[in-house]
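Novice: These protein sequence lines are chains Y and W, in that order.
If you want the working numbering, it's the 1-based position in the first sequence plus 308.
If you want the working numbering, it's the 1-based position in the second sequence plus 630.
Keep in mind that a hint or two might mislead.
[To be verified] Some chain Y residues well away from chain W (every beta-carbon gap over 12 Å; in silico):
1) 365
2) 376
3) 388
4) 428
5) 480
6) 482
7) 483
8) 488
[Stated by the list, open to error] Heads up, incomplete: computed chain W residues facing chain Y, CB under 7 Å, no partners named:
9) 765
10) 768
11) 769
[Claimed, not checked] Ranges of calculated distance between the beta carbons of each label pair, as one might list FRET restraints:
12) W:645 - Y:502: 56 to 64 Å
13) Y:483 - W:642: 31 to 39 Å
14) Y:504 - W:830: 37 to 45 Å
What the hints contain is simulated information worked out from the structure, not anything from laboratory work.
Even glycine gets a Cβ: it sits at the ideal position worked out from N, Cα and C.
Letter by letter, the chains look like this.
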Amino acid sequence: MTVMREFTKGLWKELPPFRLVLGLCPTLAVTNSADNGLGMGLAVIFVLTLSNMLISMVRSIIPKKVRIACFIVIAASLVVAVELLMQAYAYPLYQQLGIFVPLIVVNCIILGRAEAFAAKNGVAASVADGLGMGLGFTLSLTFLGSLREIWGNGTWFGHAVMWEGFEPLRIMVQAPGAFICLGLILAGMNLINVWQARRKGRDPQPLTQGCGACQACHMNHEA
Amino acid sequence: MSAAATSVLLAMSAPPYWHCGRTIRQVSLYMLAGLMPAAVMAVCNWGLPAARVMALCVVTAVLVEALCQKVMGRELSVDDFTAVNAGLLLSFLLPAAAPWWLVMLGACIAVTLGKMAFGGLGTNPVNTPLVGWAVLFVSFPLLMDPNAMQLATDYADPLIRLRYFGVAAAEAIPFTDLLLGRQIGGLGAGQAGALFLGGSLLAAFGIIRWQIALGFFLGVAGPAALCHMLDPALNASPFFHLCTGSVLLGGFFLATEPANAPSRPLPMFIYGLLGGALTIAIRKYGVYVDGTPFAVLLVNLLTPLLDLIRPKPFGARSS
């Protein structure tokens, strides 16, 4: 039961890019098409699940003081594996994603889940957490990529979907479009939350809840 | 006495604050009056298509703002004419031959993303019409290029000439033509003489802050004069720079929007200077022939920083 809960929390309640607002570098940079978003997401699922699993397995033998370095080494080995696999089997995608594949190492989600979850929980729960977070990340990136590709290029996964004579809104596939889309999606998710809370007759929850183990919002009060 | 009469109603509103009896509506109407000469000249120069673009833009902006306020559950405040103002300013930056959907899309984006998404009047970090303009300009460079859209005219585009044919070709355009708006550009932005008339009257009456406008024009004219003095064969005169593109529109009407401009005289002046200098920098070194709207957008973002320049409170200890 708890494994199931760890898995599903990454799909909505702690959705990485749109709720935790983590991993924004690939979210903003590679989502100019749905294809790229999906490819990036799959790479992250692979790395995140395996790194969570490995870190959870060795969590008792990693010295506390050097844990971050150990997490990075594990994540980096997995990323190199992904990079080589992509070069072998998905070279066009690898060329599209470019520098952002190696940059998965420093993606905040990988380190964030390792530090906040895998280093404190068992293997099964950590794998579920990694899978859920990775899936949420992939779906978010594909969604954002689809929005941007449809409006900015008139296509979806490379197929034309808009009407004849549609003038693509080019800004959406450029850098500013990523920020505009992200802002609108965040606003939309907040709106959905407020609506849900209102329908159930509760006050809307503050959005600082569900930030995982991050205590940044409470630090000021303690200091 | 009834309960309603004794209860005190405290109303808080967003900036801009005016505490001298002037209302937002009144200021907007003055601004519209200041824009009227340019609107009339635009119709004279470009004919009914210009009137069509202006009308469509204004109507869309007002309708979208009303719709947003309805959806947000706010009181309708479109009767303060700020949406009319934003719509008209946006239309001034568009080519007169812009297709209808482009105009409506621009007005929609300007009002939703540029204004209502941040909470309505006075809360927007950058100028409302310029947000719509920037999205259109980046998305549809061809449709937004007045030089490519206005084929059936014998006017010339001074900035295109300056960029691609050199100073001599650019300065061959008579000065009176530039002032009378006989130049290709945004339909209202090119009406240099009319904008100067309207803008300087507004500045004289204190509707817009003269510090910003003066700073902006000095910022344009200063670097331009310097370059012109150093090498007249490569750099156009400061008067040419002032009368072309949307410098007059930017300095008088876009940079001075109170919500996005600093609120004290010295920061206002610096803000204007920076905007003007950026315009020249973009024109000289940038990819775009007219940098004014981008320059205004950029200095809008500097406003919070410039607002830190403030006097020491009376009696404060020096640290």
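Novice: If a hint holds in the structure, say so; if it does not, say that too.
Specialist: Against the structure, the hints:
1. 365: Holds: least Cβ distance 46 Å, greater than 12 Å.
2. 376: Per Cβ check, residue 376 of chain Y is outside 12 Å of chain W; nearest 35 Å; holds.
3. 388: Non-interface label stands for residue 388 of chain Y: nearest chain W Cβ at 37 Å, farther than 12 Å.
4. 428: Fine: 39 Å to the nearest Cβ keeps residue 428 of chain Y off the interface.
5. 480: The claim is violated: residue 480 of chain Y sits with its nearest Cβ about 8 Å from chain W, within 12 Å.
6. 482: 7 Å, violated
7. 483: 10 Å, violated
8. 488: The assertion about residue 488 of chain Y is violated, with a minimum of 7 Å to chain W.
9. 765: Check passed: Cβ of residue 765 of chain W comes within 5 Å of chain Y, closer than 7 Å.
10. 768: The hint holds - residue 768 of chain W has a Cβ within 7 Å of chain Y, the shortest such distance being about 4 Å.
11. 769: 4 Å, holds
12. W:645 - Y:502: 56 to 64 Å: With a Cβ separation near 26 Å, residue 645 of chain W and residue 502 of chain Y fall outside 56 to 64 Å, so the hint is violated.
13. Y:483 - W:642: 31 to 39 Å: 37 Å, holds
14. Y:504 - W:830: 37 to 45 Å: With Cβ atoms ~55 Å apart, the hint is violated.
When held up to the earlier numbered hints, the structure conflicts with 5, 6, 7, 8, 12, 14 and fits the remainder.
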